[in-house]
Structures are given as C-alpha cells and as structure tokens.
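Its first residue numbered 1, the sequence shown is counted upward by one per residue in full-length UniProt numbering.
Don't read these hints as lab results, they were simulated from the structure.
Among the clues, some could well be false.
Said to hold, decoys possible - Lysine-lysine pairs mimicking DSBU-like chemistry, simulated, CA-CA at most 30 Å apart: (1) K316 / K58; (2) K197 / K12; (3) K217 / K307; (4) K246 / K278; (5) K8 / K278; (6) K12 / K307.
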Amino acid sequence: MAGQDALKQVNKVLRYIEHHLNEPLSLEMLAKISTYSAYHFQRTFKAIVGETPAAYMKRLRLENAAHLLIYEPDIPVTEVALMSGFSSLSYFTYSFQAYFRTSPSKWREGAYLERFPREYASQDNRKKSKQLRKNEQEDGSPRGYNEFRWLDLNRVNIMEMPACQAISRTKIGPYTAGIPQAWEDLYHWCTSRDFIKQDTFMFGIPRSNPYITPPEKSRYDCRVEISEEALRHMDQDDIVWFQGGKHVVYVFEDKVDYRERSRLIECYSELYSYWLPKSGYRYLSNPIEWIELQQVEGSLSTRCLIKAIGLAIEPK
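Turn these sequences into a full structure, and let the hints steer you where they fit.
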C-alpha cells in the first residue's frame, strides 16, 4: 500500500495534469513536480493510479474529447482534438477509434449511448428517493430526449459561488462504492482538528463521466473548505483552490443518500444535454455536489447526503 507521502505527491501531479491536460507533459516534467526521480515516479504513479502517466493522460484526453463531442455539438471535431491535447486530427481519430471502437463522428451521432454503464443500469430499483418516486409515479406516457423528466426547473438556480481553499482527498474507483467511507474518514480527520463548523462548505467533485470512464478508473474528490486560521497549520500540498464563480445549481427537494447517487445520472444528463443548450451558457469544468455529513447517533459512522448538484458555467 502506498504511503501518505506518495499519495500526496501523486495527487499533486494529478491536479497539475488536470489543469494542463491540453499541453505537452513529459515524464521528466511530472516527476519533477512529484520530487521523485522519473523511474521512481512512474512506478509509484502506476501503483496508485493503476496506469502509467502516459496511459493516464492519453485516456483523460480521449475521455475529455468524448465528453465534448456529446455536449458541445457545435465544436468541429478538429477543434475538439486540439482542445483535448492532440496535435493532429489523424492521430486523434486513430486513437479515438482504438479506444472507443467507433469514430468521433459516429460517437457524436449517438454511438456513446451504447456505453451506458452497467453499474448504473443494473442497480436494484426498489429503494428510491421521494424525488425519484414522484417522477416515476407520473402518467407514464413516453418521453422524448428533448423533455425534462428528472429536473424540476423551478429548482434550477444560477448562483455566484465564492472562491475558497479546501482540503482534498481523492478516491479512485466506482462511484457506487467506497466514497461514503472516504467522506467519513475526511470528516473525522477534520473534526478532530476542529475544522468543521456549522456553515463549512463540503463538496464533492466527480471528475469522470460514467458514460465514458470505466468505473474502476473513475476519480472523485472529497473537499472541505478551510478557514484562514486553519491554513496556518496546514501543509500547502494538502490544500487546493476552488475558484468559485457562476454555477447552475439544482437543489434537491429531499437530500439524496449517497447510496442512491447512481440515480442522479439522469439529473446530470438533463443539465448537460437539455438545460445547457437552451440556457445561453456553456459548462466550464467538472460538476460539484453539495455534501452534508450526519453523524449517526451513538456511533462514529456518518451518513453522506447530497443536497444539490451544480456546474460551473459562462455565457456562450
């Protein structure tokens, strides 16, 4: 198992890659960021992430392109390739075909629908939130993809989020398992240091689109806002910056237990596919989830709830 220092250094590199994905990134450059030798960095990175740095970056670039092809239909394929860090259209097309088993154009036309993740499609549907039960108890008439089913537009708001600094912990693996435990571990780490107050902003960042990324390679960041006072006692490598800004936010009528998070995929799909194109905005980065942790009475266990989801946006 990787030590805390190795996890910290690899997470630092992961954040760097995230912000510079469309730029040339050599092994030597990334190793320097980690403070390790190139040989040791590559071995450590693969042990923690499950892929070499080169394979990880290529996959992220392809997945980013796949996401753009679905949700930004007006951007030409050539521009999508360049935006995703590929230097030529021919290499992008070859790589995309090899990874997704279809061409970029066919993917955009709907081939991605065949990749709906089984871990979401096969969930036991007996336990549902009140919001989802309400939606399913409606008239049952056929609905086209151009109609809203899961989102109540009265609960969609545009908000200006303040910037903040936060502690971040990354979980790699399926979104349907393990993340509540990661939140619980971070919660106890923060409460033992008196970092969590009544109004502390706790938010999750799902960094992978489950339509696209294999479940075992999905990344999720658990983040807790940190006060200026707490920052004085923290290692800066543990701190990340949340830039805030304009967000479209959907607040759930009933908070969603994280164990039911897989059912939110329809809400995300509608925000991306139907609300955004009609809104005059475009998305800027990964979605965020407003989190509430409730300690179970008489135990150290916590219940992880999702209060709202949102996307960073800007005018088109």
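Contradicted hints - numbers only: 5
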